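Student: So you can see what is in the structure, the chains are spelled out below.
Number of protein chains: 2
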Amino acid sequence: MLWPDKVTICEVGLRDGLQNEKVLLSIDEKLELLDMVVASGIKIIEVGSFVHPKAIPQMADTEKLIQRMKKVDGVEYRALVPNLKGLERAHAAGLTKAKLTLSVSESHCINNFNQTPLEMMAGFIPCVEYAAKHNLSLSGALSSAWGCSFEGRIPAAQIEKIVREYLKLGITELSLSDATGMANPRQVYEVGSYMVKTFPEVKWILHFHNTRDMALSNILAGIQAGITIFDGAFAGLGGCPYIPDATGNVPTEDVIHMLHEMNINTGVDLSKAIATARRAKEMVGHEVASYVLKAGRCEDLTNIKAQRQNNR
Amino acid sequence: MLWPDKVTICEVGLRDGLQNEKVLLSIDEKLELLDMVVASGIKIIEVGSFVHPKAIPQMADTEKLIQRMKKVDGVEYRALVPNLKGLERAHAAGLTKAKLTLSVSESHCINNFNQTPLEMMAGFIPCVEYAAKHNLSLSGALSSAWGCSFEGRIPAAQIEKIVREYLKLGITELSLSDATGMANPRQVYEVGSYMVKTFPEVKWILHFHNTRDMALSNILAGIQAGITIFDGAFAGLGGCPYIPDATGNVPTEDVIHMLHEMNINTGVDLSKAIATARRAKEMVGHEVASYVLKAGRCEDLTNIKAQRQNNR
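Sequence lines, in order, name chains C and F.
So in full-length UniProt numbering, spot 198 of the first sequence is number 198, and the numbers just go up one at a time.
So in full-length UniProt numbering, spot 259 of the second sequence is number 259, and the numbers just go up one at a time.
Hints were generated in silico from the structure; no laboratory data involved.
Predicted model, so just to flag it, every value in this text is computed and none were measured.
Backbone N, C-alpha and C define an ideal beta-carbon position, used for all residues, glycine too.
Check before you lean on any hint, since a few could be wrong.
Stated by the list, open to error - Below, a sample of chain F positions facing chain C; criterion: calculated Cβ distance under 10 Å: (1) Ala-157; (2) Arg-212; (3) Ala-225; (4) Gly-226.
Unchecked claim - Here are a few chain F residues that sit away from chain C, every Cβ distance over 12 Å (derived from the structure): (5) Leu-84; (6) Lys-161; (7) Ala-275.
Please build the complete structure, drawing on both the sequences and the hints.
Tutor: Next comes the structure, spelled out in structure tokens:
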């Protein structure tokens, strides 16, 4: 098995975590979380999205959030944008990185966006032109890459087709996303290895939800496939659009904890990541699916017991 | 990565799941669960333990349970026994397989059993003689093999020492157990590979708790190390003796679901395993940490959506 020295964590809690929450956080609360994320040492942060506020009211203040946040050097702040209008707004707010997104599944794409994946891709051409003109970087997401609630398992060829379209547009940072938690580690290893080998020019990011508890296994399999960048959301916020009460994104702190236990560096201070998760949990005001938030780190257990022993 | 055709699941819910429950199930309830486990196709079942009823009242009726249960051909029923007295009771009740257990960690062993691991091992000699005389098979468990709340990470050499002691007694089925959920997949792969290579005569079983969400990853890593037998407990019952409210054993149905998604056969009917978990949850009367019980199988999601589409 492969054990890279370093794995990179992208924090998507402010976007994919909060967008599924019933409670709308204030900008001050979001800024507090953002500060904590930055302080923990995470260098890639998805701060929000520029979608229609009626569709996702939780993200309606993304513009203001970007205007108010202090940008720390060395941290990449990105927002999700579905089209040129979103990109223009992100740019106007002061962001230099945006993530385009479409669904690899034709049925899902048509159902959600009323367009086929290729029609959506055509809509990205003006985004690419706009980005070039204003010196913005673009990332491309392939949602439903690992499974679709309409189409089931997605064949690798279907992913590959969309990857090639992104590459035609010159977008070489690509994220394979699993919002319904249907990916399994064998699939991640097999499809991931194929993609890494076929497209060595791509910077791959994997995005997993822990709907069926396979997210950490999928990250492990992704690492074996040679991928070293993974999304996570503090406290495991988020959910699944089709399953009420399903668990959401893989909790950032659980990912970091596992990696550190495996002697893989993330550059993140785990205690601070746990503190972020704890604060996020307080803000949303309900139980969350984070494990280390509940059980503590392995070393905490040993320390507690050692202390008790010493106190005897 | 390795993808064996077949992986074997041992159901330990009736023992390691229920022994941590506040509610004491009746023998009838336990028999109902046992019938469901057998009907799901699981072939190795840990039905209880012969420990002192004051220490673990949940297991006080193991003797009666064994006397009343109907033994299905081809199913291996085992109980955990700490010493000769336990083994004699198991035999008297009609069981032909027992699992001895000790902790690899000296501090943990002394704290729990008031004996060192080697002193406990010496106590197993009469068990081996008794088993030979009465034609019983013995399995050996090494608890705290992956981490100890007193000693932290356990070095492989410490596990190896106990393995050699078990082998001296002629016990070649060995289970490496992680009741505090401290194992991580790199460790499982590295220690597991070493053990498989060093002791090819051993039939290895891995027992993980999902305390910090690493259990499925650990199973994946165990498979990569060449191990194909894993314990699980219906609905993920159980817990951690040192962490209140921590999640317990890895849920059997989540293990089976992941393996089936990976095209690895378990011989178990997943729907029936989910039904067992649902019934166990009803009996204990509280929320459980099972994922597929809550989110359903991947295919359920696709089926539901497909049906909705067809009904439009």
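Student: Starting from the hint list further up, note which numbers the structure goes against and sort them upward.
Tutor: Hints 1, 4 are the ones this structure does not satisfy, whereas the remaining hints hold.
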